[in-house]
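Undergrad: Take these sequences, add in the hints, and give me the full structure.
Under my numbering, the first residue of the sequence shown carries the number 1, and numbering increases by one thereafter.
No lab work stands behind these hints, which were simulated from the structure alone.
Heads up, none of these hints are tricks.
Restricting the straight-line Cα-Cα distance to at most 20 Å, the calculated cross-link-like pairs of lysine to aspartate or glutamate (DMTMM-like) are:
(1) K153 to D85
(2) K387 to D34
(3) K66 to E245
(4) K121 to D364
(5) K266 to E276
(6) K327 to D394
(7) K210 to E270
(8) K27 to E276
(9) K266 to E83
(10) K153 to E83
(11) K387 to E146
(12) K334 to D394
(13) K218 to E273
(14) K153 to D394
(15) K210 to D85
(16) K197 to E245
(17) K274 to E83
(18) K27 to E146
(19) K210 to E83
(20) K274 to E146
(21) K35 to E146
(22) K27 to E273
(23) K218 to D269
(24) K218 to E270
(25) K246 to E70
(26) K266 to D85
(27) K210 to D269
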Amino acid sequence: MHLINIIREGISESLLIQLAIIIGAVKLAGTLSDKLNQPTVFGKLLIGIIIGPSVLGLIHETDTIKLLAELGVIMLMFLAGLETDVNEFKKAGFAATLTAIGGVILPMAFGAWYSLSAGYKGFIPLFIGTLLTATSVSISAQTLRELGRLRSKVGMTILGAAVIDDVLGIVVLTLVLGLAGTAGGGGPAEVTFVIIKMGLFFVFATYLGKLVIPPVLKWLHRMPVTQGLTAAALIFVFIFAFTAEKAGVANITGAYIAGIIMGTTKYRDEIMEKSEALGYSFLIPIFFVSIGLKAKVESVGGGLMFIVILSLIAVLSKLVGCGAGAKLSGFGWKKSLVIGTGMISRGEIALIIASIGLNAKLIDNSLYTALVIMILVSTIVTPPLLKAVIHLSDKKVKHVS
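TA: Structure (structure tokens):
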């Protein structure tokens, strides 16, 4: 035991060895998941809990790891944008909107209702309901990518609905914080201002990006600069992510839009190859592990039953709400089930909302921990569930044909 403590202390003092452990553990976990016929992202998420403070205690979340993880999720969404089929994305617009609406109404209603019945007062139930509206677009994108469904209409619907979900969630959060009288909130005028800012960002990012990005990439591609094209792509990704954040939209949404625009250029494949090397060898593994590092199981205390029930509500409300929205938009039951399952995972936005609630003193540390664990549960169960329902859907389709 003394030797283990010495090893832990040595690891905690060195960022370099922490990074070596994270990258090695993620690659090993991904390989094992693949051997077990599961999406590799499942093992990557689980290994974060194992090497984190809840089990082995080898790696702890530091400011540096947080920063690298944020860069990792930005890269992940940029790559998802590069792979997005724009025509399919446009076709999925109506379906994505209905799916997103279902994915906001049901989780918010059931989350608030259960929190109220569990004894939480004031604006806390409304806050918890708001948190349940978020969807982890990055986890779903990675799983769809591994299963070869990212560019399908179902994949585009999931990604589009997840982006809309997060935008709606941020608007609702602003309103809830305003009603609660906490920092970061505001009245109707503030909410209106947030909506206008978001709308302007999407308009300018899309149309200005189409005008500026292609000619700049073309110019830099001809310049005698080492990796000039890749550098230009990253510059645009970070600018779009920063601008999105300033507009009140998640930075990952800005990165995703930048990826979509660059994916329509003739430099897509070259940018993809170079960006994948940087992302999947270094930054993205850190993001996956960072999710597991947030779990501190020992601080749950007597709130285990609350976490279990809230996690079930988180899973079922998205599955039913988003699945119903997809069905109303014209999808069959099988594909609606796939879409509903793909929307289950919570992630970056939900964690951000939880942090905002904690910083605004709307929730305490014990509730914050419970919410983080619920987010982790919904995130970890999504990849294997999504793979299972896609396999079931394919099997049924083949049987009928």
